[in-house]
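J.: What follows is each chain in one-letter form.
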Amino acid sequence: DTGVSQDPRHKITKRGQNVTFRCDPISEHNRLYWYRQTLGQGPEFLTYFQNEAQLEKSRLLSDRFSAERPKGSFSTLEIQRTEQGDSAMYLCASSVTRGPNSPLHFGNGTRLTVT
Amino acid sequence: AQKITQTQPGMFVQEKEAVTLDCTYDTSDQSYGLFWYKQPSSGEMIFLIYQGSYDEQNATEGRYSLNFQKARKSANLVISASQLGDSAMYFCAMSPGRGDTGRRALTFGSGTRLQVQP
Chain A
1 DTGVSQDPRH KITKRGQNVT FRCDPISEHN RLYWYRQTLG QGPEFLTYFQ NEAQLEKSRL
61 LSDRFSAERP KGSFSTLEIQ RTEQGDSAMY LCASSVTRGP NSPLHFGNGT RLTVT
Chain B
1001 AQKITQTQPG MFVQEKEAVT LDCTYDTSDQ SYGLFWYKQP SSGEMIFLIY QGSYDEQNAT
1061 EGRYSLNFQK ARKSANLVIS ASQLGDSAMY FCAMSPGRGD TGRRALTFGS GTRLQVQP
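Protein chains in written order, with our numbering: chain A, 1 to 115; chain B, 1001 to 1118.
Be a bit skeptical, because a hint or two may be false.
[Claimed, not checked] Simulated DEER-style distance windows between Cβ atoms:
1. B:1015 with A:78: 41 to 51 Å
2. B:1028 with A:56: 47 to 57 Å
3. A:96 with B:1062: 21 to 31 Å
4. A:85 with B:1072: 11 to 21 Å
5. A:66 with B:1118: 42 to 52 Å
6. B:1115 with A:73: 15 to 25 Å
7. B:1015 with A:63: 43 to 53 Å
8. A:63 with B:1118: 24 to 34 Å
9. B:1046 with A:28: 13 to 23 Å
10. B:1118 with A:17: 43 to 53 Å
Bear in mind the hints are in silico, worked out from the structure with no lab data behind them. Just so you know, even glycine gets a beta-carbon here, dropped at the ideal spot from N, CA and C.
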């Protein structure tokens, strides 16, 4: 169990540029989540995959955001035409389909700064 | 809609003492799950403890216990014998359903920053 891995750890980009983040979940986990966390706040849900199917999306996920999990393993989150308000920590988490004791396992996050 | 409220932005505790972090919630669901996560400065969210709304006993995990008062809609985290390594942000979260975090997303509170003093 190597944990949830996110890449890159930090990304600085200019407004209007596109960025893509990658998440590698724990290998046997079939569920994958993306959250966004701004300074001083708790994580906010963005979207959720079960295997390769994207089953739920938050209204926070505007048209500029897109997430994929093509083979049910790793996932990518792309933000097009970045805005300064997109600056945040983007957290990925994974879990298994099991009973109540199936917490989300989070990665260390990707910190995005839009200048 | 679910809502989590953590009213303590920051807390201080002396090493080896116990501390209680407050969490209240609001939901119209009959069954739900309650979670506490720790976030050190490294950024990773670490799962600490889980309580199901139908669980009759308060959950415990080592030095962590969850003081669940369903009628008051509170789920306070108690950390006994605080250690310097406990200094971190602590988030309360809830999910609908009987703890199946996979169906719907966790809703998080705004967090409490705990600082353990030597």
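J.: Evaluate each hint against the coordinates.
T.: Status of each hint after checking the structure:
Under the hint 41 to 51 Å, the C-beta atoms of residue 1015 (chain B) and residue 78 (chain A), about 45 Å apart, fit the expected range. Range check, residue 1028 (chain B) to residue 56 (chain A): about 19 Å between beta-carbon atoms, so the 47 to 57 Å window is missed. The hinted range of 21 to 31 Å is satisfied by residue 96 (chain A) and residue 1062 (chain B), whose Cβ atoms lie roughly 22 Å apart. Checked against the hint of 11 to 21 Å, the C-beta distance between residue 85 (chain A) and residue 1072 (chain B) comes to roughly 37 Å, which is inconsistent with it.
At about 48 Å, the CB distance of residue 66 (chain A) to residue 1118 (chain B) agrees with the hint of 42 to 52 Å. A C-beta distance of roughly 39 Å is found between residue 1115 (chain B) and residue 73 (chain A), which places it outside the suggested range of 15 to 25 Å. Between residue 1015 (chain B) and residue 63 (chain A) the beta carbon distance is about 50 Å. The supplied range of 43 to 53 Å therefore holds. Distance hint check for residue 63 (chain A) and residue 1118 (chain B): the Cβ-Cβ separation is about 51 Å, which falls outside the suggested range of 24 to 34 Å.
The supplied range of 13 to 23 Å is met by residue 1046 (chain B) and residue 28 (chain A), whose beta-carbon atoms lie about 19 Å from each other. Checked against the hint of 43 to 53 Å, the C-beta distance between residue 1118 (chain B) and residue 17 (chain A) comes to roughly 45 Å, which is consistent with it.
In this structure, the earlier hints numbered 2, 4, 6, 8 are contradicted, and the remaining ones agree with it.
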